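Trainee: Listed below are the residues making up each chain.
2 protein chains.
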Amino acid sequence: MTLNNEQAITSADKTFYQLRNDIVEGIIPSGCKLSETELSTKYEVSRAVVREAINRLATCHLVERKANVGARVVALSPEGLVQLYQVREALEGMAARLAARYMSDEEIAAMQGLLDSHFNKVKGGESYYQEAGDVDFHYRIVTGSKNSHLISVLIDGLYHLVRMYRVQLGMAGPRVTTAFDEHRHIVNAIANRDEELAEILMRRHILYSKNNIEKKLNHA
Amino acid sequence: MTLNNEQAITSADKTFYQLRNDIVEGIIPSGCKLSETELSTKYEVSRAVVREAINRLATCHLVERKANVGARVVALSPEGLVQLYQVREALEGMAARLAARYMSDEEIAAMQGLLDSHFNKVKGGESYYQEAGDVDFHYRIVTGSKNSHLISVLIDGLYHLVRMYRVQLGMAGPRVTTAFDEHRHIVNAIANRDEELAEILMRRHILYSKNNIEKKLNHA
DNA sequence: AGTGGCTATATTGTCGACATTATGAGAAAA
DNA sequence: TTTTCTCATAATGTCGACAATATAGCCACT
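Protein chains in written order, with our numbering: chain X, 1 to 220; chain F, 1 to 220.
Hints are not guaranteed to be accurate.
Copies of the same chain are indistinguishable here, so a pair counts whether it falls within one copy or spans any two.
Only pairs whose alpha carbons sit at most 25 Å apart, straight line, appear in this in silico DSS-like list of lysine-lysine [stated by the list, open to error]: (1) K66 to K215; (2) K66 to K42; (3) K33 to K66; (4) K14 to K216; (5) K66 to K146; (6) K146 to K215; (7) K14 to K66; (8) K42 to K14.
Simulated from the structure, these hints should not be mistaken for laboratory data.
Given the structure is predicted, the values throughout are model-derived calculations rather than measurements.
From just these sequences and the hints, can you work out the full model?
Mentor: Written as structure tokens, this is what we have:
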């Protein structure tokens, strides 16, 4: 689970987070219609706050809204997944480049320490790594870019969609050790302040990741 | 002016477009506070629709909102401009790559025709090209990527911020002919289905554009 | 005079009711 | 039987009022 430093202060925030979680986890299934009145009774809040929550979900591309008709949970498709990873490749590639430029030495050291601890857990046989570790790694790179647009588009937007695909298409799977090595190489490039290499490696990393998921998707 | 195929159907849409335009054009100055009650009387709509419009503006990064405090028009800064162009470089580079892959021959031919007509106008001494022409060109590349995420992030989001910087920092300026040549080379790469080159050229094009604006900004 | 806390006020957050639009069922006509 | 029109219904869009919160000003106290 993503460790949320985003805390709900208003009632609409809370409803938004709950709804988002329910959608990502598949509790509200893909393609399902979101009735404002229904949700307002279910979550025990006014229709106005449900409306605001749905609007925010729409900007995350987790639901699609049509005027005077309503909102539906986004439909998952192979094409959608491909498009998602195309954008991730561009955005996270740039994030890695900027991380190599702007991350402080302390941040880089902390990230190397993170990878070390992951390595021990993987070596110890824990499958913990796959989800939380991967999320944590990419999260640090993105925030390390110090670019508010990159941060908001990826962390507030695309990552939830990525998680939705992973959860609902049952991507718990492997690619642990190979992904780990790729992470290592990326961090090394960042530590060497090699922007060009950091970007290339990150793009390859995401491309491999996409191919892996696509392969699984076609076999299922 | 951007030719809007986005048409307002609901009242909130109209208010959103009006507000967005007023902000981009500087009619509502940068840093200005947006009072919901005040705007609701000004635009003669309910506070609820103003609220929704402001929320949408927040997702475009045109205003910043704080809970229980309100929304302010975003402040323009050199750092903000740099970050904006960093994201543009990543996103539009990928868009050019995908355009080379997915655009139909007819679309490419139409784009070449567009450049020809621009060339005639530039040769004829019209300064028309700078704004509308540039917008049109980039618009076609992005839509040519057929990637809904790229399209929405760039066209619904970043481009308005770009325009806001251009308008408010008085970037009417030159770079017409050189930018035109760069456009030509990009279209040629796309026509040759050379994804790699299309992306590289687009990234360079945006990098140059950024440097040009930064230079002006420092001189002013 | 400066600082701390309190109150008044204005703004945002939330709510329920009304207006408007889309959609499906059913009747009438071909 | 099929098609089209009408109308009922249920949803979204919009509104004004109330509740909760932040901010500024004022007063007391040191």
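Trainee: As a check of your reading, is K66 near K146 (CA-CA no more than 25 Å) within one copy, between copies, both or neither?
Mentor: between (35 Å within a copy, 21 Å between copies)
Trainee: Should K42 paired with K14 be assigned to within, between, both, or neither, using CA atoms and 25 Å as the limit?
Mentor: Close inside one copy (13 Å), not across copies (31 Å); limit 25 Å.
Trainee: Please work out whether the CA atoms of K66 and K42 approach to 25 Å or closer within one copy, between two copies, in both situations, or in neither?
Mentor: Answer is within: at 22 Å inside a copy they meet the 25 Å cutoff, but 27 Å across does not.
Trainee: Is the C-alpha distance from K146 to K215 at most 25 Å within one copy, between copies, in both cases, or in neither?
Mentor: This pair counts as between: shortest inter-copy Cα distance 22 Å, intra-copy 34 Å.
Trainee: At 25 Å max between alpha carbons, let me know whether K33 reaches K66 within a copy, between copies, both or neither.
Mentor: within (11 Å within a copy, 30 Å between copies)
Trainee: Taking 25 Å as the upper bound on the Cα-Cα distance, should K66 and K215 be classified as within, between, both, or neither?
Mentor: For K66 and K215, neither the intra-copy (33 Å) nor the inter-copy (43 Å) Cα distance is at most 25 Å.
Trainee: Within a copy, between copies, both or neither: where do K14 and K66 come within 25 Å Cα-Cα?
Mentor: For K14 and K66, the Cα distance is within 25 Å both inside one copy (24 Å) and across copies (15 Å).
Trainee: Taking 25 Å as the upper bound on the Cα-Cα distance, should K14 and K216 be classified as within, between, both, or neither?
Mentor: Close neither inside one copy (35 Å) nor across copies (45 Å); limit 25 Å.
Of the numbered hints given earlier, the model fails hints 1, 4; all others are met.
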